[in-house]
Amino acid sequence: MQSRKIATLLAVAGLALAAAACGSEETPAPAANPSSGGSAAPAAENAPVTISVGCQPPKTNPKERAQWDADVTAFQAKFPYITIESKDAFPCIVPETFQAKLAGGQMEDLFYVYYTDAARIIGAGQAADITPYLSEAPHIAEVRPDVKSVFESGGKTYGVPRTNYATGLVYNRALFTQAGLNPDMPPKTWAEVQDAAKKIAGLGSGYVGFGEYSAGNTGGWHFTSSIYARGGAIVSEDGKTAAFNSEQGKAVLENLRKMRWDDNSMGTKQLHRWEDLMRMMGSGKLGMMIGAPDVVQAVNNDFKGKFEDYGVTALPESTQSLSGGDGYMFNAKATPDQIKAGLKWLEFKFLTPGQGQFDYARNKADGLPTGLPLTDLYGSAAPGAQIQADREANANVPTEHFAPYVEGTKSVTFKLEPPKAQEIYAILDTPMSAVLTRQDANIDELLADAEEKVNKLLAAG
Amino acid sequence: MTTLSAKDVRPPRQRPPGALRRSVSRNLTAYGFLSGALICFAFFSWIPMVREFILSFQKTNFVNSTEWVGLDNFRTVLDDPAFISAWVNTAIFTLLALVFGYIVPFVFAVVLNELRHAQGYLRLIVYLPVMLPPAVAVLLFKWFYDPGAGLFNQALGVVGIPPLSWLDSTTTALPSLVIVSTWMNLGTGTLIYLAALQSIPSELYEAAELDGAGLFKRVWHITIPQTRLILLVMLLLQIVATMQVFIEPFLLTGGGPENATVTVAYLMYQYAFSFGNFGGGGALGLMLMLVLIVFSAFYLRVSRDRT
Chain X
1 MQSRKIATLL
11 AVAGLALAAA
21 ACGSEETPAP
31 AANPSSGGSA
41 APAAENAPVT
51 ISVGCQPPKT
61 NPKERAQWDA
71 DVTAFQAKFP
81 YITIESKDAF
91 PCIVPETFQA
101 KLAGGQMEDL
111 FYVYYTDAAR
121 IIGAGQAADI
131 TPYLSEAPHI
141 AEVRPDVKSV
151 FESGGKTYGV
161 PRTNYATGLV
171 YNRALFTQAG
181 LNPDMPPKTW
191 AEVQDAAKKI
201 AGLGSGYVGF
211 GEYSAGNTGG
221 WHFTSSIYAR
231 GGAIVSEDGK
241 TAAFNSEQGK
251 AVLENLRKMR
261 WDDNSMGTKQ
271 LHRWEDLMRM
281 MGSGKLGMMI
291 GAPDVVQAVN
301 NDFKGKFEDY
311 GVTALPESTQ
321 SLSGGDGYMF
331 NAKATPDQIK
341 AGLKWLEFKF
351 LTPGQGQFDY
361 ARNKADGLPT
371 GLPLTDLYGS
381 AAPGAQIQAD
391 REANANVPTE
401 HFAPYVEGTK
411 SVTFKLEPPK
421 AQEIYAILDT
431 PMSAVLTRQD
441 ANIDELLADA
451 EEKVNKLLAA
461 G
Chain P
1 MTTLSAKDVR
11 PPRQRPPGAL
21 RRSVSRNLTA
31 YGFLSGALIC
41 FAFFSWIPMV
51 REFILSFQKT
61 NFVNSTEWVG
71 LDNFRTVLDD
81 PAFISAWVNT
91 AIFTLLALVF
101 GYIVPFVFAV
111 VLNELRHAQG
121 YLRLIVYLPV
131 MLPPAVAVLL
141 FKWFYDPGAG
151 LFNQALGVVG
161 IPPLSWLDST
171 TTALPSLVIV
181 STWMNLGTGT
191 LIYLAALQSI
201 PSELYEAAEL
211 DGAGLFKRVW
221 HITIPQTRLI
231 LLVMLLLQIV
241 ATMQVFIEPF
251 LLTGGGPENA
261 TVTVAYLMYQ
271 YAFSFGNFGG
281 GGALGLMLML
291 VLIVFSAFYL
301 RVSRDRT
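So the sequences go chain by chain: X and P.
Residue numbers for the first sequence follow my numbering, so the first one is 1 and each next one is one higher.
Residue numbers for the second sequence follow my numbering, so the first one is 1 and each next one is one higher.
No wet-lab data here; the hints were simulated from the structure.
Quantities reported herein were computed from a predicted structural model and do not represent experimental measurements.
Glycine included, each C-beta is placed from N, C-alpha and C at the ideal position.
One thing to keep in mind: the hints can contain errors.
[Unchecked claim] Below, in silico cross-link-like pairs of lysine to any residue (SDA-like), each with a Cα-Cα straight-line distance of 25 Å or less:
{"hint": "1", "chain 1": "P", "residue 1": "K142", "chain 2": "X", "residue 2": "D302"}
{"hint": "2", "chain 1": "X", "residue 1": "K285", "chain 2": "P", "residue 2": "L251"}
{"hint": "3", "chain 1": "X", "residue 1": "K258", "chain 2": "X", "residue 2": "I443"}
{"hint": "4", "chain 1": "X", "residue 1": "K198", "chain 2": "P", "residue 2": "F108"}
{"hint": "5", "chain 1": "X", "residue 1": "K250", "chain 2": "X", "residue 2": "E317"}
{"hint": "6", "chain 1": "X", "residue 1": "K101", "chain 2": "P", "residue 2": "F246"}
{"hint": "7", "chain 1": "X", "residue 1": "K250", "chain 2": "X", "residue 2": "R279"}
{"hint": "8", "chain 1": "X", "residue 1": "K101", "chain 2": "P", "residue 2": "I54"}
{"hint": "9", "chain 1": "X", "residue 1": "K453", "chain 2": "P", "residue 2": "S85"}
{"hint": "10", "chain 1": "X", "residue 1": "K240", "chain 2": "P", "residue 2": "K142"}
{"hint": "11", "chain 1": "X", "residue 1": "K456", "chain 2": "P", "residue 2": "F273"}
{"hint": "12", "chain 1": "X", "residue 1": "K198", "chain 2": "P", "residue 2": "F246"}
{"hint": "13", "chain 1": "P", "residue 1": "K59", "chain 2": "X", "residue 2": "K258"}
{"hint": "14", "chain 1": "X", "residue 1": "K453", "chain 2": "P", "residue 2": "K142"}
{"hint": "15", "chain 1": "X", "residue 1": "K198", "chain 2": "P", "residue 2": "Q238"}
[What the hints assert, rightly or not] Not close to chain X: a few residues of chain P, all C-beta gaps over 10 Å, as computed:
{"hint": "16", "residue": "V88"}
{"hint": "17", "residue": "Y102"}
{"hint": "18", "residue": "A137"}
{"hint": "19", "residue": "P147"}
{"hint": "20", "residue": "P163"}
{"hint": "21", "residue": "S169"}
{"hint": "22", "residue": "A208"}
{"hint": "23", "residue": "E209"}
{"hint": "24", "residue": "K217"}
[To be verified] In silico negatives: residues of chain P with every beta carbon more than 12 Å from chain X:
{"hint": "25", "residue": "L71"}
{"hint": "26", "residue": "T170"}
{"hint": "27", "residue": "L186"}
{"hint": "28", "residue": "I200"}
{"hint": "29", "residue": "P257"}
{"hint": "30", "residue": "V262"}
{"hint": "31", "residue": "Q270"}
{"hint": "32", "residue": "A272"}
{"hint": "33", "residue": "N277"}
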């Protein structure tokens, strides 16, 4: 009987521990929350400050890691009062673990994000308002306004872009040649895409002319890319109602339906997610997919493809593009001094022509692929011209393979993701997967059903 | 009327002085071992459960103070069009998993039990899938199910059956996940059933054989009645386990096609990690837990009756 009492005591102690653990989270953030923008008083000028920074290249990528470490050393020599604690990870962020890292207090002071997550993080109040400190990184003023807007909300800035690109059409040049197509003349219309896809699929069993996502929210993401490229929208201007049940929306699905069922050029296996198409592209069996030059980089680095086999062109008939890229945001608990130090680092490493990520001469000397038209932060502003000139001067990848993309995306305007993007993408996965897996899918019904669901979602606020 | 004699009325038991201290010191080692388990359960089971319960009534961004929102999270998930699909899919999955995942291991166990030779090797072969990490096993099936080069369609082609879409069809996707789940858990179920079968006195079978009973009659009149309790316990455990199905839709289908494989646990994951709505995820988790508590209560009742 006595032992039972003690066991009960221990259990009660455990529960008390649980309650204590739960209660501890009630403590409000001490310093810079989104609304205060770093309300804690800054320390004395040049007081020692330490910042943790995410996305240090992993050890499996020794050349880029060495460049990062050299940049940290140079930066700390220039600003001796700042200490940078680099945190490596590959990939730099897994969006699904973001909340867990934040909840566990493991989030870096300066963390890496994809554009696709920026709006959600800002909306959830999980990033610091850095507007008062932007003068620490003077080049931000010259970044393209449409690119900066990815990290802006309500007139405030919450992050800094690192790379930026328009969505295009990635294609396998080797397969184009094999199928009797001219790889230097990639498709300019969707009819040409359909034709090329048919010819590539006709190369034999296992060859897929055109690949598309349709699961794990990636289908909705690419539906958004496609409808934007055709001049359509996902939500109305005021963001209160769905706007994809339109001619453009129907055209996106009809195009896929035709290629999947009439032309049989999209393969029989569907429900692809990000890594599926990368793997197919790397294996040399996929002809075309929607993507940007970063796809070629990923296929080359991680999926055994070769740079010289791939090319990128603009999305056919496109007038606007879903913004693609990545950047850095600040932990909502970062102090003003940490934010200032972080902005100085971003200026040094990611924004200044000729140094850090734009040190193309170093890239070339280190044997890293150089010349991909990946980062268009500045457009026609002076830093942009200098960056482009440096990139071209040091190119060691066949830049002509990306020339149609550079040319075709010059006039494209960037468009942001819709509000509640991931929730909407989850809903739009359904029409995408339906069209690709069911021959009798009714496009009008699918879009009307998705529209009703998205309207309900948006109305819920 | 019954009367109590003075002999029956015992005085309250007086604990000798220092008994508690002696009892604790005598059992100190046992408490030490117990505390390890208690701490592990507290940190990895009970605290997360309490935390999830609290979260389901809160809105949090893990940065600022949490906000109590009453039943808002429950309203949000109840209004979600995927909510009904998730529960229907989970129920169908559970039902199919019972039809396949419950009966198949029992049949395997009966067959293994009847074998006179190589039983040990076959037991090992049946148990092998359990040793594979679940993610590896699931991804193996991703290749098996490939509509073009996949093993299953190749096998169907050999016997002249046209290829199936497996994961890419709303009608076959969920049953395909059940097959994966059944294969992964086959070994454990079979071994448990086998242990139960081997505890049946062999005299019963010998007597039945003398009476001319065939295999089917022996199974029906001896095996099933003798293993009734373990069958019931396994049934309840199977329900509790399969209703939490997550890894199969997460890795194989991403909930598609057309939400045909969205399960409650997968939707919970979507809310928490894709939408950043931990409150919604918590609310769904609490609902699932309440349903599972009912089955767990049955399980406890049955296992207590058994002992």
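Each hint, compared with the structure:
1. P:K142 / X:D302: Roughly 21 Å separates the two Cα atoms, so the pair holds.
2. X:K285 / P:L251: holds (22 Å)
3. X:K258 / X:I443: Answer holds: X:K258 to X:I443 is near 12 Å, not above 25 Å.
4. X:K198 / P:F108: violated (48 Å)
5. X:K250 / X:E317: Holds, at about 16 Å.
6. X:K101 / P:F246: Satisfied, since the Cα-Cα distance of roughly 21 Å is no more than 25 Å.
7. X:K250 / X:R279: It is violated: about 29 Å lies between the C-alpha atoms, which goes past 25 Å.
8. X:K101 / P:I54: holds (19 Å)
9. X:K453 / P:S85: holds (13 Å)
10. X:K240 / P:K142: violated (39 Å)
11. X:K456 / P:F273: holds (21 Å)
12. X:K198 / P:F246: violated (37 Å)
13. P:K59 / X:K258: violated (44 Å)
14. X:K453 / P:K142: Roughly 30 Å separates the two Cα atoms, so the pair is violated.
15. X:K198 / P:Q238: violated (47 Å)
16. V88: holds (15 Å)
17. Y102: The claim stands: P:Y102 keeps its Cβ more than 10 Å from every Cβ of chain X (closest is about 28 Å).
18. A137: Non-interface label stands for P:A137: nearest chain X Cβ at 18 Å, farther than 10 Å.
19. P147: Incorrect as stated: the minimum Cβ-Cβ distance to chain X is 4 Å, not above 10 Å.
20. P163: violated (8 Å)
21. S169: violated (6 Å)
22. A208: The claim holds: P:A208 sits with its nearest Cβ about 46 Å from chain X, beyond 10 Å.
23. E209: For P:E209, whose nearest Cβ neighbour in chain X is about 50 Å away, the distance exceeds 10 Å, so it holds.
24. K217: holds (47 Å)
25. L71: Correct as stated: the minimum Cβ-Cβ distance to chain X is 14 Å, above 12 Å.
26. T170: violated (7 Å)
27. L186: Since the minimum Cβ distance to chain X is about 25 Å, P:L186 lies beyond 12 Å and the statement holds.
28. I200: Given a closest Cβ separation of 36 Å, the condition holds.
29. P257: violated (4 Å)
30. V262: violated (9 Å)
31. Q270: violated (6 Å)
32. A272: It is violated; P:A272 is separated from chain X by about 7 Å at its closest Cβ, not greater than 12 Å.
33. N277: Non-interface label fails for P:N277: nearest chain X Cβ at 9 Å, not farther than 12 Å.
The structure fails to meet hints 4, 7, 10, 12, 13, 14, 15, 19, 20, 21, 26, 29, 30, 31, 32 and 33 from the earlier list, while all remaining hints are met.
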